[in-house]
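**Q** Chains as they are written, first to last, in the numbering used here: chain R, 21 to 374; chain L, 69 to 312; chain Y, 374 to 560.
The set of hints was computed from the structure by calculation and includes no laboratory data.
Hints are supplied without guarantee of correctness; some may be wrong.
To give an idea of the interface, some chain L residues facing chain R are shown, with a C-beta separation under 8 Å as derived from the structure [stated by the list, open to error]:
1) 109
2) 113
3) 129
4) 151
5) 175
6) 284
7) 287
8) 288
9) 292
Below are the DSS-like pairs computed for lysine-lysine, each with C-alpha atoms no more than 25 Å apart in a straight line [to be verified]:
10) 311(L) / 80(L)
11) 237(R) / 80(L)
12) 366(R) / 406(Y)
13) 260(L) / 221(R)
14) 221(R) / 80(L)
15) 221(R) / 298(L)
16) 406(Y) / 204(R)
Glycine residues also receive a C-beta, built at the ideal position from the N, C-alpha and C atoms.
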Amino acid sequence: MSQRVLMCGNEALAEAAILAGCDAYFGYPITPQNEITAYMSRRMPEEGRVFIQSESELAAISMVFGAAATGKRAMTSSSSPGVSLMQEGISYLAGAELPAVVVNVMRGGPGLGSIAPSQSDYFQATRGGGHGDYRTIVLGPSTVQELVDYMPLAFDLADQYQMTVLVLADGILGQMMEPILFEKRPGRELPPKDWALTGAKGREQNIVRSLWLAEGKLEEQNRKLQAKYDQIQKNEVLCEEYRLEGAEIVVVAYGIAARIVRSAVSRARQEGMPVGLIRPITLWPFPTEQISRAAEQFRLFLTVEMSSGQMVEDVRLAVAGKAPVLLHGRPGGGVPTVDEILDIIKELSVSVKR
Amino acid sequence: MKTVFARTPSLKDCPTHYCPGCGHGIAHRLVAECIDELDIRERTIGIAPVGCAVLLYDYIDVDCIEVAHGRAPAVATGMKRTNPEKIIFSYQGDGDLASIGAAEILHAGHRGEQLTVIFINNAIFGMTGGQMAPTTTLGQVTATTPRGRTAAEQGYPLQVSEIMALLPGVIYVERTALDGAAGVRKTKKAIKHAFELQVEGAEGLALVEVLSPCPTYWRMPPAKATEWIKTEMTKVFPLGRLKG
Amino acid sequence: MTTNGFCEEVIIAGFGGQGIISAGKLLAQTAMKAGRQVTYMPSYGAEVRGGTANCMVVVANEPIANPVVTRPNSLIAMNKASLNKFGPRIKPGGLLVMNTSLIDTEPDLDKTIEVLAIPIDDLAAELGSPRSANMVAIGAYLQKKGHLTPDAAAQALPEVFAKRHHQTLPVNAKALHRGTEFAANGS
Ligand code: SF4
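Same shape as in the complex, but just chain R (with noise of 0.2 Å):
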């Protein structure tokens, strides 16, 4: 497909992971996402591979913990109350260091909340989100051009780091339809699975486990995992700079989030605000560094989000007090629009220029 097609952020996401080589697909209907599993249904038997409606996201995930310890590319997709439930599963893959790819189209909450687009569910994927001391590495995109371009990394990182990488795009991302170009593109060079269980044939027995219970081993495992974790946060930081020259204040979104900033930024900068953006591409890990420094130059930060204010958590530990940051925030599935974040910026421009 080298011409540009019409096509959902759902859908588009789902030809790119077959693209990417995913080999399995195992989901249970949540909307807003549904039209991934319903692509999924259609797409990977047509492939020669394997998709199942599971009986829940707690078994999606299982069946992902499955193929992924067998060495195949395995992902499943759900939104926040499924995601929620899958927890379970995404801490023993962190547990057993396998690789999977997580895609929630988030969706409002707490509880069965709405099916309108959100973006409150950032802790949750940056912090891990089950139980233990673990990451998930997590991309945010905005475009559906950046979902397509972003799977087959998903699926890279998941196998060159050895665990699961959340996707989060969120109901707006998923419905919405861009036209978009699939291109191919070389993958990372990745180390052999040779960990798989694959039968023990010609070697000694394989064991994918999670369970460490002799003295200190536990303890030795975790570290491992951290040291992994330092050297991603070392080499994996993605995130986009929008026009900060001359800027004084600098709005943090991201994902959809971001593309609405983006439209406030560039009418601001046509009345004159000295404003710009840093939209984070990756959310774990997260751009500290980027936004430290930025902090050393800018005087005001605002986190735009559709949430009650959780990346800017992330954005404060980033500024570290050099600058005052602030929230907008928009929880339960609410939007922002261009000219309600417009205003705010109009205030601030004011406010910095005293």
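For chain R, the structure is supplied; the task is to place chains L and Y with the ligand on it using the hints.
**A** For chains L and Y with the ligand alone, kept in the frame of chain R given last:
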């Protein structure tokens, strides 16, 4: 000269951590023997439960995975569907399979997954200290039924095999007991058949429920425990082939 | 929204079954084929079942940042509820395409907004295809705005409708042109 008690190669040569008189050690040996007799060691993947048998892989020398409590049938599904040529078995206790994993085993059976399930029923939670299992019998005293299980308070013992046998996707269900030499022989035959079906590519799930002693939390000596299986357990969990 | 240059933000709204979603997709597909930047965002889930449906389409010459349309340049209102909900949000100088088959009141809007009153359902019924009302609407809208041609839209039809509906392509093309004709001649 014929050695009578030769260790089968897929069983590791090490002492187990199980209590004296526990059924797990025997069941492990039977599984290992069947794997070797069918010559499938190099393509078998075993799934350990959460429970006393969580360290299954320390004793059975095949590729193994340890999974979340109750999720073995879902994990097995993920493995088998992506690796149809491999032989996948799960080894699950009654807490794992009949309680927290009830949905997973039901739906694996319902989908007709080509799996071999060894279900060890000892009517109690061993690893966590002798609490009630769904299969605990009426009147049985456990850490969480100190006055004995009653139907009114905790419901009747859950007969998983009978339920599983109802599903079209389940092709073989047999209940056996580790209650003496004859019972052990029958158990091995059943386990072997459950593996054979998968080796032959038979379409559906095969389950063997093994009534197995837990002298420790039944609070009785091993000899009495075997007796209790015969006299008490089999009343609620009748032995024999339920399907296939 | 783009920093400069052409940027058209449309809301198409009505009730479920009026083909709101395919009308939006057709507009998006046509824009893409014409080499434009485009985003399309449908209402989804409960709203679709509850009877109202709407979608937002942004067509521009430059990459589109925000796909969520709060103040449209144009509104295609297929029923009264949609007009009441979205009418007041139309930007000054914008366009309202109003389905008078189902809306019997005069809209009370900013005077700078151009109103095209068109009996969309009646025109579709006259063509013997009541379900093509959405195409009449798109044809009329394109005639007024002129950023894409009805012919281009007709060419994009096969990509918007599933193969099993391809026998309806000719009548839908006809409906597109009927809308265009009405917008041009007032009849
Ligand atoms: S507690 Fe019971 S099941 Fe567990 S090892 Fe001891 S005897 Fe066996």
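**Q** Determine which of the earlier numbered hints do not hold for this structure and return their numbers in increasing order.
**A** 6, 7, 8, 9, 10, 12 and 15
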